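Asker: These are the residues of each chain, in order.
Protein chains: 2
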Amino acid sequence: MKRVSFLLIAVGAVAAVVAFSATASRQNSQEVAPIFVTQIPAGYRDWRLISVAREEGDLKDIRAILGNDIAIKAYREATISFPDGAIIARLAWSHDASEQNNKTFGRSQSFVAGVPKNGIQFMIKDSKKYASTGGWGYGHFDDGKTADDAVLKKCHPCHQAIKDRDFVFTRYSP
Amino acid sequence: MKRVSFLLIAVGAVAAVVAFSATASRQNSQEVAPIFVTQIPAGYRDWRLISVAREEGDLKDIRAILGNDIAIKAYREATISFPDGAIIARLAWSHDASEQNNKTFGRSQSFVAGVPKNGIQFMIKDSKKYASTGGWGYGHFDDGKTADDAVLKKCHPCHQAIKDRDFVFTRYSP
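Respectively, the protein sequence lines represent chains S and E.
Under my numbering, the residues of the first sequence are numbered 516 to 689, in order.
Under my numbering, the residues of the second sequence are numbered 516 to 689, in order.
Wrong hints could be hidden among the right ones.
For chains that are exact copies, the list does not tell them apart, and a pair is met inside one copy or across any two.
What the hints assert, rightly or not - Taking lysine-lysine pairs in the DSS-like style, the calculated list, with each CA pair at most 25 Å apart, reads:
hint, residue 1, residue 2
1, K644, K678
2, K588, K632
3, K632, K678
4, K669, K618
5, K643, K632
6, K575, K660
7, K678, K618
8, K669, K632
9, K618, K575
10, K668, K618
11, K644, K575
12, K575, K632
13, K643, K575
14, K644, K632
15, K643, K678
16, K588, K669
17, K660, K678
18, K588, K575
19, K643, K618
20, K644, K660
21, K588, K678
22, K618, K644
23, K660, K632
24, K668, K588
Don't read these hints as lab results, they were simulated from the structure.
Since the structure is predicted, the reported quantities are computational estimates derived from the model, not experimental observations.
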């Protein structure tokens with residue numbers, strides 16, 4: 516009987532410690548250093564198109580925004596808050612005048628995607644893992660290598676401007 | 516016996532007529548009026564991305580070029596001549612300055628896809644059906660309605676400028 520009582524107390528103590536840690540973790544989640552995406556999600560180049568865009572200024576690129584199945588479903592159903600597992604990828608290429616197209620059209624009007632440029636970026640939704648950055652993990656890869664934390668720290672502050680759209684800039688293009 | 520002979524002759528005659536028709540059809544394929552794509556291929560918005568582009572001039576759009584599985588496979592394997600069944604889709608949207616993005620970046624540099632514009636276009640490879648236009652059937656749809664033949668007749672003459680690339684302008688963007 517004594518041994519059983521001791522066992523119950525021990526189990527209770529462990530449970531209490533686990534419960535306390537979980538609570539503490541939740542409470543501190545807004546204060547801890549942000550966690551970033553450090554691995555390129557597999558198969559992203561096969562994902563479906565969300566939209567296209569272009570940046571002038573220092574970036575000077577033409578870009579495509581792709582989404583995995585969870586992200587595309589959320590977009591199409593106009594879900595305001597993306598569910599966990601949603602991933603958005605941003606690819607970009609140099610924005611090049613196309614001499615061949617222009618020659619065919621008889622005037623300068625065509626621009627095409629040239630070489631990959633400005634890295635590949637990802638936003639991964641995991642409301643627990645990335646709680647300190649609105650539930651989104653941010654990643655940036657140049658030639659397959661993850662960017663420094665100093666670069667990645669700049670992602671979320673900018674995205675906070677569109678908190679009401681769950682921190683996502685790109686809208687779905689039908 | 517007589518009945519069997521008659522049957523054989525009848526079958527032979529039918530076969531001869533069929534064979535003649537097929538030969539005549541093949542011989543005339545270069546002379547007949549071009550055949551166009553008059554139905555929107557199902558599920559094209561779920562296809563994978565080939566590349567992105569932009570047109571100034573009268574078109575003023577930003578565009579995405581998608582491919583079905585056969586087209587994507589051919590692109591990735593650098594197959595010079597696309598196999599039958601390959602379909603390439605061209606979607607386009609207005610090329611709009613993004614006030615929200617510019618406000619966030621603190622300068623005017625962002626352009627995004629706005630409303631759908633300049634219709635949706637398709638190229639379908641079927642070397643027999645579309646023999647008179649290099650094996651490609653061309654389609655153009657505005658608000659789901661096919662364009663007139665007068666419009667579609669203009670497709671192939673332009674694409675002939677890139678006959679050495681199987682009449683396809685868009686290159687694959689990694």
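Asker: Could you run down the list of hints and mark each one as holding or not?
Answerer: Here is what the structure says about each hint:
no. : hint          : in the structure
1   : K644 <-> K678 : within (18 Å within a copy, 52 Å between copies)
2   : K588 <-> K632 : between (28 Å within a copy, 24 Å between copies)
3   : K632 <-> K678 : neither (27 Å within a copy, 29 Å between copies)
4   : K669 <-> K618 : between (42 Å within a copy, 16 Å between copies)
5   : K643 <-> K632 : neither (32 Å within a copy, 40 Å between copies)
6   : K575 <-> K660 : within (21 Å within a copy, 36 Å between copies)
7   : K678 <-> K618 : between (45 Å within a copy, 14 Å between copies)
8   : K669 <-> K632 : within (19 Å within a copy, 34 Å between copies)
9   : K618 <-> K575 : both (23 Å within a copy, 18 Å between copies)
10  : K668 <-> K618 : between (45 Å within a copy, 20 Å between copies)
11  : K644 <-> K575 : neither (33 Å within a copy, 42 Å between copies)
12  : K575 <-> K632 : both (9 Å within a copy, 23 Å between copies)
13  : K643 <-> K575 : neither (35 Å within a copy, 43 Å between copies)
14  : K644 <-> K632 : neither (29 Å within a copy, 40 Å between copies)
15  : K643 <-> K678 : within (17 Å within a copy, 54 Å between copies)
16  : K588 <-> K669 : neither (28 Å within a copy, 37 Å between copies)
17  : K660 <-> K678 : neither (28 Å within a copy, 39 Å between copies)
18  : K588 <-> K575 : neither (30 Å within a copy, 30 Å between copies)
19  : K643 <-> K618 : neither (54 Å within a copy, 30 Å between copies)
20  : K644 <-> K660 : within (21 Å within a copy, 47 Å between copies)
21  : K588 <-> K678 : within (20 Å within a copy, 39 Å between copies)
22  : K618 <-> K644 : neither (52 Å within a copy, 29 Å between copies)
23  : K660 <-> K632 : within (14 Å within a copy, 37 Å between copies)
24  : K668 <-> K588 : neither (28 Å within a copy, 38 Å between copies)
The structure does not agree with the numbered hints 3, 5, 11, 13, 14, 16, 17, 18, 19, 22 and 24 stated previously, though it agrees with the rest.
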